[in-house]
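Listed below are the residues making up each chain.
There are 2 protein chains.
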Amino acid sequence: LNRIKASGLKLRFCTNETQATREKFVKKLQGLGFDISVDEVTAPAPAACRVLKERGLRPHLLVHDDLVPEFAEIDTANPNCVVIGDAAENFTYANVNEAFRVLIGMEKPVLISLGRGRYYKETDGLKLDVGAYMKALEYACDIQAEVVGKPAKMFFESALAEMGVTPQEAVMIGDDIVNDVGGAQQCGMRAVQVRTGKYRPCDENHPYVKPDAYVNNLAEAVDLILQQL
Amino acid sequence: LNRIKASGLKLRFCTNETQATREKFVKKLQGLGFDISVDEVTAPAPAACRVLKERGLRPHLLVHDDLVPEFAEIDTANPNCVVIGDAAENFTYANVNEAFRVLIGMEKPVLISLGRGRYYKETDGLKLDVGAYMKALEYACDIQAEVVGKPAKMFFESALAEMGVTPQEAVMIGDDIVNDVGGAQQCGMRAVQVRTGKYRPCDENHPYVKPDAYVNNLAEAVDLILQQL
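As given, the protein sequences belong to chains A and B, one line each in that order.
Taking the numbering used here, I'd label the letters of the first sequence as residues 1 to 229.
Taking the numbering used here, I'd label the letters of the second sequence as residues 1 to 229.
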């Protein structure tokens, strides 16, 4: 990262993290030695806040407790939509049912989902992600959620706008074949898959997503980008 | 019901109830004055038990506590499938995640769902049904559940076999346009929709299910059937 920053290239961190505010997320990465600040992060919750404000929507929130501060400036009285994030232990039957009742009570239910991930890995094993609960509510109400966060096109476009660059000028580096690589490419960007984290060998035979390049780690990705300047 | 029984016609109760054993279900109906016994009831849990035994499957159960006794004779050690019912408050994040982990750990995940209902009504309001959680697990594991219970063809075929009649000789009476009427018709039976319970006026414009007749209540359905004998 320091080499990228030293080269004068613009940099933006695009995360689907919805279990914590950007502040917490950044502190964690700083603790791991990364040079990163909150205003360099594009994340689903602030993207959702922009959508809510633009459309005059007041959300019923089904999110992780630690994410709630991101919605501090949003009016949540008398809700006319539901925002769902990776609520983890907050996905009790009572809470999911409450979100369902808010939706089914609307003439035209609006469900905004902070990502569509199936599951993720934690130290104690795999955990169901927001996408599974999004699907449950979609089916129960016979609706389609609007996804903010990767791989939504709008999410990548926000990140590009924040940097002031065109898709053709940008490269996405990520470990997730669909959410990172596929999403960025659909937006007109090039995308490099890193063979770490979520990467699995079978990704290289993915039926419809083909990265522009593979690298074994982040340092290799930086080499590749700096070489091609 | 007494008029049907007096006429010599065979009768079978087909329920998607998965929050209680047939014993409890029957006691409730007996309490309401119905002449009904356990061996007249076709329900998803015993149908699932037959499937489990036939295929040597040992289920991880994600069901309502009150339904567990229906699986008393089933081996649940070292599970090689998941059975999901309307678990209601048992649909905690931890429990749904545990079912997910069992499935994702299998080479070819087998998910058996005791119905595919979206929601139902209780005195305190609408409640999410098993179908929503089935969809969550289907999405997370990228699989298709096998549904036992209405509207599955196999379920109606079991009921017919238990009575020893052909589909052409049978009439389904129900309030649910898709699960009762649609399911029975797909099996070759005729079906009458009762304008009570789950019935909604918009059912009469359903895009693909058209009952053979409508009646305003159960007594009218009995009139209709006895008239046409």
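Just so you know, the hints here were simulated from the structure itself, not pulled from any lab data.
By construction, the Cβ of each residue, glycine as well, lies at the ideal position given by its N, Cα and C atoms.
Heads up, a few of these hints could be off.
To be verified - In silico negatives: residues of chain A with every beta carbon more than 10 Å from chain B:
1. 118
2. 195
3. 209
Unchecked claim - List of simulated lysine to any residue pairs, SDA-like, C-alpha gap at most 25 Å:
4. B:127 x A:142
5. B:127 x A:118
6. B:121 x A:80
7. B:121 x A:118
8. A:127 x B:110
9. B:198 x A:143
10. A:198 x B:121
11. B:127 x A:153
12. A:108 x B:142
13. B:28 x B:58
14. A:121 x B:196
15. A:108 x B:121
16. A:5 x A:213
17. B:198 x A:88
18. A:153 x B:206
19. B:28 x B:107
Original post:
Any of the earlier hints contradicted here, and which numbers?
Top reply: 1, 7, 10, 11, 12, 13, 14, 17, 18 and 19
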